[in-house]
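Asker: Here are the chains, one letter per residue:
Number of protein chains: 2
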Amino acid sequence: MDIKLTTGRTLHILEEESLLQALKRHGIYLVASCGGKGICSKCRVRLLEGKSKIASTGKLEPREIKTGITLACQTFPEEDIFIDIPKESKLVVGEKIAISKSTDLIELLHSLEAEISPIVKRITLNLPPPTIHDNISDLERLKRSLEERDLIGIRFSHGLVSSISKVLREAEWKITLRYTDSHDAISISPAGMDGDRYGLAVDIGTTTVVIYLVNLTDGRLIDVGSTYNSQMRYGDDVITRIIYATESGGLDELRDSVVSDINDLLAPLIERHSISRKDIESVVITGNTTMTHIFWGLNPAHIREEPYIPTINFFPRWNAGTAKLKINPLSPIYTVPCVASYVGGDIAAGVLSSKLHRSPEIALFIDIGTNGEIVIGNNEWLMAAACSAGPCFEGSGIKHGMRATEGAIESIKIDPETFEPVFNVIGNGQPMGICGSGMIDAISEMFLTGIIDQKGKFIREVKTGRIRNGVDGPEFLIFSRDGRDIVLTEVDIENILRAKAAIYAGVSLLLKEVGFGLDAIERVYIAGGFGNYLNVDRAIILGMLPDLPKDKFSFLGNASITGAYLCLLSKELRKEAGIIASKMTYLELSVSKRFMDEYISALFLPHTHMRLFPTVKKLLSK
Amino acid sequence: MDIKLTTGRTLHILEEESLLQALKRHGIYLVASCGGKGICSKCRVRLLEGKSKIASTGKLEPREIKTGITLACQTFPEEDIFIDIPKESKLVVGEKIAISKSTDLIELLHSLEAEISPIVKRITLNLPPPTIHDNISDLERLKRSLEERDLIGIRFSHGLVSSISKVLREAEWKITLRYTDSHDAISISPAGMDGDRYGLAVDIGTTTVVIYLVNLTDGRLIDVGSTYNSQMRYGDDVITRIIYATESGGLDELRDSVVSDINDLLAPLIERHSISRKDIESVVITGNTTMTHIFWGLNPAHIREEPYIPTINFFPRWNAGTAKLKINPLSPIYTVPCVASYVGGDIAAGVLSSKLHRSPEIALFIDIGTNGEIVIGNNEWLMAAACSAGPCFEGSGIKHGMRATEGAIESIKIDPETFEPVFNVIGNGQPMGICGSGMIDAISEMFLTGIIDQKGKFIREVKTGRIRNGVDGPEFLIFSRDGRDIVLTEVDIENILRAKAAIYAGVSLLLKEVGFGLDAIERVYIAGGFGNYLNVDRAIILGMLPDLPKDKFSFLGNASITGAYLCLLSKELRKEAGIIASKMTYLELSVSKRFMDEYISALFLPHTHMRLFPTVKKLLSK
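Protein sequences, first through last, are from chains A and B. Read left to right, the first sequence gives residues 408 to 1029 (my numbering). Read left to right, the second sequence gives residues 408 to 1029 (my numbering).
Hints were generated in silico from the structure; no laboratory data involved. Fair warning: there could be bad hints in the mix.
Which copy is meant is left open, because identical chains are indistinguishable; a pair holds if it fits in one copy or across any two.
As the list claims (entries may be wrong) - No farther apart than 25 Å at their CA atoms in a straight line, the calculated lysine to any residue pairs in the SDA-like style are these:
id, residue 1, residue 2
1, Lys497, Thr414
2, Lys444, Ser637
3, Lys990, Thr538
4, Lys870, Glu824
5, Lys550, Ile986
6, Lys528, His565
7, Lys458, Tyr436
8, Lys550, Ile858
9, Lys685, Ser564
10, Lys982, His565
11, Lys990, Glu554
12, Lys919, Asn542
13, Lys957, Glu768
14, Lys731, His565
15, Lys982, Asp557
16, Lys978, Lys990
17, Lys458, Ile539
18, Lys733, His565
19, Lys550, Glu979
20, Lys685, Gly704
In this text, all values refer to a predicted model and were calculated from it rather than measured experimentally.
Based on the sequences and whatever the hints tell you, model everything.
Answerer: Written as structure tokens, this is what we have:
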């Protein structure tokens, strides 16, 4: 049977295959937060012609069903069909995200007083050509010259030795050897033919993959690439990925997809800057523990099962060939060490870039990404926890939630008299959904204007037609045009409250664990996707962030990639990242009764204990 | 077109393909010493039906041509043909060679006062299972236990780490770790499930491949396998192999063929003794420099070109996976170090097994195999040279020459009155050719009985019908039946004299180089294919071996595999092999004017200077 698209393309669908699977097989990826289980109701397509078996309509409105909307994951065609895929159902990839400036990065590197010392070093040698009287082998000749330069014990892999005879002769015995700081030779090339020195910093987020192409001589950021992590086809959060990885072949599929992402990001960069792949000498990878395991092809199954044990936190110096990155296969990859199953190298790298580990001030580091991780500490101690906040701020599990891309409602104000909302849309076009910062705005506004109560429930007495009953229960209508509504349901609000409560409870419990009050916190670093877009005031009203003076908050953006950049350039900072990871005490919250108590207290707006939020209390009393 | 064989089998032959190539493609290997160039005239087949283009008849007798004999490498069928392949044209593989006894080997090991210390060690660990409070990663848990046992800095490859989570849990945290003495982990298995410990010693000769399967706990020789090196399809000596290796794809083909030989030898051994491949923990490889390069897939091209430089003499500890040996891919392979392009690890191993490097006595070590290598020295110094003796003692380049297998004439006596020969045939059947020891006997007998002069030319005055003119000039008929003659031609004798002269000249020049006379030599070790079969008296008459008392000669057989066995079992002896290789001074003879002089003097029977052979002089005066 065939699927005909309104774009004119025709695809073949196999027996027993869902529409979602068939589209995926042909390279058309739909948003499928739940991994194709009929739960998230995001993979909507419109059936225009042809009969299909519909296993479930999920949370679709009767109104939507009438217009032919169906969930691709639940639709099994029974004859040739003709469909339309709405824009909001498509997984957008390759979009630009906010990036650091090269000058800021170099300044940060200098501020850390780190000398530039990449993983790979170079030495140029002028070997005496062999004669009948000086007839030692090629490799021993090379080693002899290295020893004369006090370089002893350089290891040569089989792959490299296979090529040296040719290279030495072509180079007329004048060569440049590249070797790692742990004494593994990685390339031999004719002296003078060796290009500039480049490195790659890679942050593998659950949602986004970012790469920095860096000049290793001066630390300059040459270019940046970013894309959504293609593993999103298999689910939005680490748990769905772990489950998929344990299926037969799933791990390889997940690994290949993220490795392809990185290779695909790299290709245009090296072309644009005329860089040879062999001159990319080293790579630094950061990511949460699951992403890092999957990148290295390690089964993450035990991360998910009590007592939550990763296979490895401190990764050996494996190489690009093992990782299948398309650069010199012997180029070393430094993996920023992980702390525990749910606090990964991204957090160690983030802390490094925040410099909080160098200061006596007690600071809080909160990374709000697809998950939420919290670190508290200073130059003497560090404690970390992960709160399963879930990816709702990235749109997952929220009826009309979406990522902060074009078409997302990013900020909202609600008129306290008329209850009419005004909002900004990213790209200023037609709104397609609501992103994290929009959700925080909407809920804090609804709370301040009395549309919802402290529990996040709609107050039915409020006089507005915007509160209504939908298939998922009560909802607030933010926008409506041409039969396409954007609402925030009570269920959505509940999900968001759960996420914010997890973050706040994490902060709260960590503080109690180390025996400090909120007043001990002298700085709060916010890292993660929100970047500079998070409105701190609103996040405090929501009760997600602690009620501290605004000037104590600093935004780091993607602190993980910044940390990876630093590790790419400095041996000292790689060492520091290792020290951060090994000295960080991990608190496992998922089994903690005290965390549960904190969490339940934090499920209110802003909190059960209003005294913790004096600013909000003052605001409400106005 | 098709080739029909008398065995009933029918093979397809391609356009432009020679009969030799077509047979090879179907797995039927003929003796082709020259590599299929129409020179050696050994790939004879009998054409029974069908027309062929014959490019050359080489050195075939008109009589042979009349009976349909043709050289397979020069025959290009023009229609379907029907052929018979005579037994003597087939490359015999899988034949048993003389092997060492297990008790002798263990005795040798003890006599060297070497403790058993294989490359791979084992440690059994009982890890505390992880809990929510002791939640370090699997690898760090393992490393922590190793550190408690003072094992620090064990390296874990990516492949091994991929499997540890599963193994640790299946083993319920009680495991056996195997690791090399250079601290690379090679396997983790449930404690108690680890079998016995085995190692493989491999000698890759130009002609023969021998493997010893050894119990690494007690040094017992479990079993032996040997076969002809399948690379013989591509030519008999290292030079033809190097040339083939430089052709496109040739190196891979040569490598794959010898690796298959080893894997094919191993398969029945492990089955016979119910040994698991994973329990073969380490491998030691010896071979001449070219064979070792090819085994490791290194281009041997520069070995052949002045100034004769190998890619590598001291090989890193690469592993079975890299070598494609079918055992645990992480099992380390120790390659006995080579000395120079024409003195390989087989000689270092041989010297090790002779123990001459430990004694103050000055000794001579002569390895007569496909090539000839000579070492002179004692516990203070060692000097080595290779004399391009060529593989004639293995049958190559000799009209009716063959290896010492069934059907070979191995010893000859010639009646001084009647000039009638009597001979022994290996296996006591119909003679098919003459092997090395037979050639030495024949020539020394012909010399003593006055059939040939000091230059190896037939004395025409001798009254015997056995001296006649063949296609290759004068020849001596040793055997004749049913139209199949076995002769030794003047050209054959010339070839053998060249070979023996090269060996003697090598010995002579080495002695002069170190400033000693023959009387300084207290012991002569003879290693190589001749084994115990070489008749020293005859070899002295030939002028191949120096005229020294018979009791100074010792036969070592395949000293290379014995040395490999020793290296498999002892760290101390691996170190000694390295010291032997690095302390051995290599004398390059091929460019030496003095060698040429020595060689020319040695081209006579037994030598130009009769005073060097007093025993032979006495014998002739009788």
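Asker: Go through the numbered hints given earlier and state which of them the structure violates, listing their numbers in rising order.
Answerer: 8, 17
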